[in-house]
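Each chain, letter by letter, is given below.
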Amino acid sequence: MTKWGMVIDLDKCTGCQACTTACAMENSRLPGESWQDVLFYHEGTYPNVKLSWLPRPCMQCENPSCVAVCPTKATWKTEDGVVLVDWDKCIGCKYCMIACPYGVRFYMDEKPVVQPDLREVFPGDGNRIWNPPYKMPDHLEDRKRGIGVQPPGVVSKCTFCYHKISKAPKGVADLDEDNPETREYTPACVRVCPPKARYFGDLDNPDSKVNQLIADKRGVRLKEETGNKPQVYYLSGGGAPVVPGERSQRTS
Amino acid sequence: MEQVTASTSRRRFLQATGAGSALALGGQTLLPGRESDGTARAQPAAATKIVKNICHQCPARCGIDVYVTNGRVHAIYGTPDHPISNGKLCPKGPLGIYVLYDPDRWKGPMKRTNPKKGRNEDPKFVPISWDEALKTVADRLNALREKGESHRFAILYGRGWGASCAGLLGDFGKLYGSPNVPIGHSSMCSDGSIIAKKATDGNGGYNAHDYHHTNYILMFGCGFLDAFRPYNNNMQVWGYIRGEKSPKTRVTAVDVHVNTTLAAADRGLLIKPGTDGALALAIAHVILTEGLWERSFVGDFVDGVNRFKSGQTVDPASFQEKWVKGLVEWWNVELKDRTPAWAAKVTTLRERDILATAREFGSTRPAMAIMERGAHAHSNGIYNAMAIHTLNALVGSLFAEGGMMYQMSPLYGALPAKAEDYMDEWAKNGTWKQYPRIDLKGHPDGYLLANNMMQEVGPNHLAGKPYKLDTILFYQTNPIWTAPNGQVWEQALQDVFVIDTSPFPSETGHFADLILPDHTYLERLQDAPTYPFEGYPLTQIRVPAVKPLYDTKYFGDTLIEIGKRIKGPMGEYYKKLESSENVLRHLAKGFEKNPGDNGVDSFEKWVEKGVWYKKPYLWRQIRGEFFEWDGKGYNKPMTAEEVKAKLLKTPSGKFEIRSGLLEANAEWIAAKTGRDKTKLMFPIWEEPKHPGGGDLYLVTPKQALHAEGRGHNIPMVIAHFQPVVGGRGEAFVEIHPETARQRGIKDRDWVRIRSSVGEIRVRCRLFEGTRPDTIVLPMEWGHWRAGRWSMAVPGGHSGECTVNQSDRITGQCNYYTTKVTVERA
Amino acid sequence: MATAALARPAFKPSPYLVGAGALFVVAFVYAMYLKLTLGHAGFNTTNYGVFWGLPIVAYDYFLLTSTGLTLLASLPLTLGLRQFDPIAKRCIWLALAALVGGVAILFMELAHPFRALWAAPLNFQTASPLFWKILCVGAYTIVLVLLALTFARGTAPAAVPKPLALLATVLALAITLIAGSVYSMMIFRPFWYGGELPVAFLIESFMGGIVFFVFFTYLIHGFSVDSVPQSTRELLAGSVGTFVAAAIFLHILFAVVRTVAGLWSYGEGLQVWRYTVDQPLYWAALIGGGIVPLVIFALPALRAQPWLQILGAVLVALGLLASRYEFVINGQLLPPFKGSWAPSPLSYEPSQLEWMLLIVGVLLANTVYAALESWSSTKES
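Chains as they are written, first to last, in numbering that gives the first Met the number 0: chain H, 0 to 251; chain E, 0 to 824; chain C, 0 to 380.
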């Protein structure tokens with residue numbers, strides 16, 4: 000069975016945020032609804048200031064705490080490893096947002112991040128919280144999988160561009176934007192990345208590039224102590240600075 | 000099942016008919032895991048087509064694939080087989096859709112009905128027809144010409160794209176009879192580097208680069224991973240040279256605050272603003288004293304013994320120069336005393352870092368030194384830039400593999416008519432010829448050596464010196480906002496007839512008498528030869544993704560239509576040109592004889608593929624010898640005359656450390672700047688002059704999401720703008736914590752930034768990564784006339800504090816050099 | 000059971016009911032107006048980290064007050080301690096009123112509250128504490144309504160069906176502990192995490208329930224001490240008052256132990272404890288809402304004074320609201336994985352709409368209770 004995973008090479012990532020904007024346009028997100036986000040941190044005193052950054056999609060955890068806490072099973076995990084939100088079942092309780100250690104979930108009914116409010120400039124029809132002219136085509140939207148513009152009062156999150164990857168040929172090891180055969184199935188954030196710092200493939204396939212990269216470049220998971228075991232791995236240039244969690248360590 | 004079959008056969012049908020680049024996507028596939036309930040996808044699968052276009056948000060000109068479904072644009076990705084984008088995009092690229100559907104766009108031509116002009120005056124625009132609009136312009140221009148005052152018409156342009164828009168302006172000026180058509184923005188851009196390169200290697204242009212093969216990049220004041228163009232391609236290159244290439248390319252980056260470029264480099268150097276030249280001189284000093292220069296290119300001591308010792312002069316006769324001129328003289332008059340220890344004091348960098356950088360750069364081949372405005376947007380900019388560029392000569396990277404070269408032009412066909420054949424008596428010999436340009440470019444009273452001086456147009460017109468303009472047309476430029484101290488332009492534009500062609504409301508448009516709105520780029524058919532990239536000629540085309548949403552007109556066509564209405568043979572010329580599409584078809588005829596590498600040999604194929612290019616770059620310097628491409632390799636040796644004609648286009652045919660261009664103008668330079676005539680032709684150290692009257696340097700860099708600033712009304716831009724300090728909705732000024740503390744300023748306080756020309760209020764963020772003597776405020780917000788989202792971003796505009804000072808030699812506007820005071824507001 | 004059958008009382012609307020009802024209608028209309036015009040943008044919760052605001056605090060407060068009251072009522076009804084019979088009816092009625100107020104607040108906060116009624120049972124996500132909470136609260140509501148009607152018909156406490164009472168007790172216990180686990184199972188939120196938290200919730204719930212009983216006993220008698228029946232007065236000054244003291248004591252104990260452990264450790268996520276103790280509200284709740292009422296209810300001489308009982312009850316109730324508020328909000332002040340996009344700690348204060356939801360809940364609860372009390376012809380307790 001396919002288990003979709005992502006690898007992000009922090010040594011190549013230039014912190015440009017193209018992944019963030021490509022996701023926002025592919026998936027018709029509001030400002031502040033950062034399904035994909037690049038987080039910046041800095042430390043140190045002048046002139047020795049360390050600036051670092053981290054692209055953060057949904058981790059699509061193997062043990063998703065969001066799925067566990069959802070009272071109506073609106074948040075669910077597909078057989079191919081992607082955590083999705085069924086907007087017909089979500090009651091808007093936001094427990095999943097409380098439970099997510101990685102802050103990847105969004106409830107867009109509150110105050111707009113940017114004024115004037117886009118929801119008023121391009122109002123939805125009650126079925127959608129907004130309806131911009133550049134919205135993704137209707138036939139790609141899917142309420143049961145949290146794809147497209149959401150109705151009012153539900154939580155949304157990164158879908159690994161499920162509307163694309165679910166159409167990939169069965170058994171393909173990687174979805175690579177540089178391969179014309181798989182380009183249209185590749186998630187937007189992976190496809191757009193100029194330094195090619197992002198990779199997407201099947202973690203259950205021994206031939207996949209993602210598995211090879213995790214092994215060769217010592218990919219790590221973030222916040223191991225939560226035990227959520229993300230399916231997104233980070234390469235940091237050779238070192239393995241994060242101590243792997245015992246419970247999360249990959250078994251052969 | 001039925002619908003799946005239907006969409007499959009539709010796809011095959013479209014493929015069979017080969018309809019453009021139609022690509023049928025979507026389809027009623029059942030996703031695994033859950034049954035489709037049918038209600039979510041009530042509409043049948045539609046055909047999605049991909050249209051080729053070029054991104055508009057910075058000069059890089061990345062080819063883009065525009066996804067259109069049911070007549071709506073909903074996604075933009077990089078064109079996979081386009082050499083600049085290669086299927087990728089920077090963060091601005093995907094957001095281009097907002098530009099098309101921006102609700103604040105002008106809907107059609109308008110005229111002003113409120114005769115008063117001012118920031119707080121409502122223009123009271125009323126819609127008019129294109130016929131009336133064009134007639135108004137033509138009548139005005141014809142009247143001006145008949146009065147014998149055609150020189151008082153000016154066209155100012157910013158981001159011109161190619162032969163079908165800005166490229167038509169020169170002929171317009173020639174035919175009409177105005178020295179002010181066109182005035183380009185390059186002096187408000189980066190002429191500092193262009194003129195410095197012209198002065199040293201004879202090429203007045205930006206470099207093209209072979210980053211893929213370089214093993215060392217030394218960057219001065221150019222945000223390579225922030226905005227340096229072609230930004231998208233830079234990042235692709237970065238992923239390769241830092242993540243895949245063997246060996247890994249090493250990078251040292253120099254700037255005044257920590258940004259992603261400095262953080263991602265191997266070494267980040269936080270330099271005192273305006274002192275990059277001192278650092279470059281010290282590096283050159285070390286290269287010479289430690290014998291690291293590239294002897295095959297530079298030359299060597301006759302007996303091979305290195306006589307370059309700190310503080311000691313060298314006999315020029317003892318050194319045999321190869322492709323450089325004036326090395327030893329330079330050492331003697333300037334460089335011998337420019338030690339790392341000296342540079343450390345000037346730049347406030349550590350001596351050990353200067354030494355390490357110099358040794359790394361000098362001992363790695365190939366290595367290149369690049370720079371842009373951070374280094375040269377100062378009063379000493381010409382010399383900073385010359386010093387940095389000379390480093391490339393010292394390590395032999397000019398025209399070498401892994402080095403830098405210059406951009407070849409595309410092999411276009413001829414226009415439908417030659418302007419020279421349509422010049423009437425007035426055009427050829429009218430009195431307009433005795434007038435200087437309004438910006439005094441090329442004039443000894445102004446900027447003799449500059450390419451343009453757009454920042455002077457407003458002030459000069461206001462002063463009436465050399466004269467007053469009658470009519471100004473603006474294309475892709477908004478000088479009230481982008482010029483330094485734009486408040487002066489608000490006064491200047493009071494008494495001149497202003498025509499603005501922007502699709503969007505803007506500060507300059509607020510003072511317009513006539514609005515002739517352009518299409519946005521996704522609606523245009525327009526060419527764009529590449530910005531300097533990898534040297535080989537490349538030109539691309541925008542193809543409209545949708546029909547124009549409003550009653551707008553592509554600027555190229557607006558110009559042609561105006562031209563048609565000018566009395567005399569000029570009108571005939573433009574009737575011959577007919578339309579911008581006709582122009583493009585004629586240009587594309589050049590491809591018939593020179594098909595692109597991707598098979599583009601016609602207008603139709605150009606539209607289909609989006610880009611024409613022909614590799615390789617035709618020349619290469621290999622270990623001190625120059626070769627031309629013979630079809631199979633760089634095998635044909637070039638004579639010194641050929642090198643002088645095609646590559647090192649200086650008076651001596653060599654890289655002139657002793658600049659012939661500057662030496663030829665030494666009298667003028669000395670008279671206007673007081674510089675020493677025995678030194679002013681060499682890269683020298685000179686203290687920068689900082690106007691403004693304050694104690695902190697105000698630096699206004701570009702950010703990844705904004706570059707040339709056309710995205711200021713895009714909500715996604717506003718929400719992600721300054722990631723380092725977390726600007727989600729406003730631009731912050733970065734200030735060092737101790738600097739803030741001394742002024743009683745706390746994090747996120749409102750502060751007042753004041754200079755001799757203006758003051759603004761902005762919120763601040765304390766950031767350890769900013770130099771204590773510098774504040775950093777990106778020049779992006781503070782729009783008082785723009786779209787609704789742009790105007791809602793709180794905070795003032797850095798331009799209102801920026802003093803209008805320019806490098807007297809290059810004409811480069813010194814954006815990064817004003818000194819301001821900061822206090823709690 | 001001759002003693003069980005009393006005359007069925009008539010429904011007589013009291014001034015209390017009319018007043019509370021009118022205020023409730025006004026508040027409700029205004030709140031709905033705000034909600035309809037502003038939508039969820041009228042809330043001050045955001046995507047940066049404070050997802051649950053004052054409405055959730057208020058909902059939990061009312062819900063756990065309700066369960067606490069039911070647990071208090073369990074003394075006579077389930078455990079058969081007849082000396083507590085006088086308090087049974089009021090406790091159940093207050094419990095129902097509090098439940099209605101709390102659930103109403105929740106329903107005004109949730110985007111799709113009615114969906115929960117079918118989506119939760121039909122999907123049966125056993126791993127989710129919130130799922131069990133919905134299930135139990137649903138059952139608890141039915142049980143409480145039945146119990147309330149039983150009392151409204153004039154049934155004596157001893158005659159209340161034992162299975163029903165037992166079910167109420169079990170559900171009240173379960174809801175309280177589950178409500179604690181909603182927070183306490185979040186491993187990466189060490190401010191909340193811990194097995195002791197549901198127990199602390201239980202203590203607080205009991206404590207909150209009792210003081211509401213104390214306060215409303217006096218309120219329903221028009222704050223005329225002499226109108227309160229002797230048996231009830233003795234309980235208040237005696238065992239019930241002592242229960243309050245014990246509960247406050249345990250509550251302070253838990254608070255202190257958690258605070259000390261939180262301040263002592265350098266663990267990531269616990270820095271919010273420093274922020275918490277820097278707030279005056281924390282000390283107001285601990286001292287004003289804890290130590291002062293503890294003294295009042297612990298010392299027999301003070302405990303016997305009705306006006307001190309009322310003061311103590313009000314202090315505890317407000318202090319509990321403050322500590323619950325701090326608990327829920329401060330546990331969300333460290334933004335999860337936002338980098339420079341969010342300041343740390345975040346700041347939150349309730350919006351006007353959020354305050355209105357609390358006020359609506361309070362007024363609704365009072366209205367419901369007033370309506371229930373309007374069935375008593377004689378104030379026999």
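Mixed in with the good hints there might be a few duds.
Stated by the list, open to error - Derived BS3-like pairs (lysine-lysine); straight-line CA-CA distance at most 30 Å:
#1 E:K613 to E:K643
#2 E:K592 to E:K575
#3 E:K631 to E:K613
#4 E:K106 to H:K134
#5 H:K110 to E:K308
#6 E:K635 to E:K678
#7 E:K745 to H:K49
#8 H:K49 to E:K417
#9 E:K546 to H:K134
#10 E:K146 to E:K464
#11 H:K216 to E:K247
#12 H:K169 to E:K48
#13 H:K49 to E:K134
#14 C:K34 to H:K134
#15 E:K575 to H:K49
#16 E:K244 to H:K216
#17 E:K244 to H:K49
#18 C:K161 to H:K110
#19 E:K244 to E:K417
#20 E:K818 to H:K208
#21 C:K161 to H:K72
#22 H:K208 to E:K173
#23 E:K427 to E:K417
#24 H:K49 to E:K818
#25 E:K308 to E:K321
#26 H:K166 to E:K48
#27 E:K546 to E:K271
#28 E:K48 to H:K134
#29 E:K432 to E:K134
#30 E:K134 to E:K173
#31 H:K2 to H:K76
#32 E:K432 to E:K566
Claimed, not checked - In silico negatives: residues of chain C with every beta carbon more than 12 Å from chain H:
#33 F50
#34 L109
#35 A118
#36 L121
#37 S226
#38 V276
#39 V294
FYI, nobody ran anything at the bench for these hints, they're computed from the structure. This structure is a prediction, so every number in the text was calculated from the model and none was measured. Backbone N, C-alpha and C fix where the C-beta goes; we use that ideal spot for every residue, glycine too.
- Given the hint that K49 (chain H) pairs with K134 (chain E), test it: the Cα-Cα distance must not exceed 30 Å. violated (60 Å)
- Message: Can you confirm whether the C-alpha distance between K244 (chain E) and K216 (chain H) stays at or below 30 Å?
- Response: holds (15 Å)
- Task: Decide if the proposed pair is consistent with the structure: K613 (chain E) and K643 (chain E), CA atoms, cutoff 30 Å inclusive.
- Result: Holds, at about 24 Å.
- Compare the distance between the alpha carbons of K166 (chain H) and K48 (chain E) with 30 Å, and conclude whether the hinted pair is satisfied. Holds - the C-alpha atoms of K48 (chain E) and K166 (chain H) are around 18 Å apart, at most 30 Å.
- 30 Å Cα cutoff - pair K631 (chain E), K613 (chain E): Measuring from Cα to Cα gives roughly 14 Å; hence the hint holds.
- Query: Are K49 (chain H) and K818 (chain E) close enough, with their CA atoms no more than 30 Å apart?
  - Reply: holds (27 Å)
- CA of K635 (chain E) to CA of K678 (chain E), is that 30 Å or under? Judged against 30 Å, a Cα distance of about 38 Å means the pair is violated.
- Task: Just double-check V294 (chain C) for me: nearest Cβ-Cβ distance to chain H has to come out over 12 Å.
- Result: Label holds. Min Cβ-Cβ 37 Å, cutoff 12 Å.
- Message: K161 (chain C) and K110 (chain H) were given as a pair; does the straight-line alpha-carbon distance stay at or below 30 Å?
- Response: violated (50 Å)
- Item | Beyond 12 Å from every chain H Cβ - status for F50 (chain C) | violated (5 Å)
- Message: Would the non-interface assignment of A118 (chain C) survive a Cβ cutoff of 12 Å against chain H?
- Response: violated (4 Å)
- Query: When you check the alpha-carbon spacing of K216 (chain H) and K247 (chain E), does it fall within 30 Å?
  - Reply: holds (16 Å)
Comparing the model with each numbered hint stated earlier shows that hints 5, 6, 8, 13, 15, 18, 19, 20, 21, 22, 27, 33, 34, 35, 36 do not hold.
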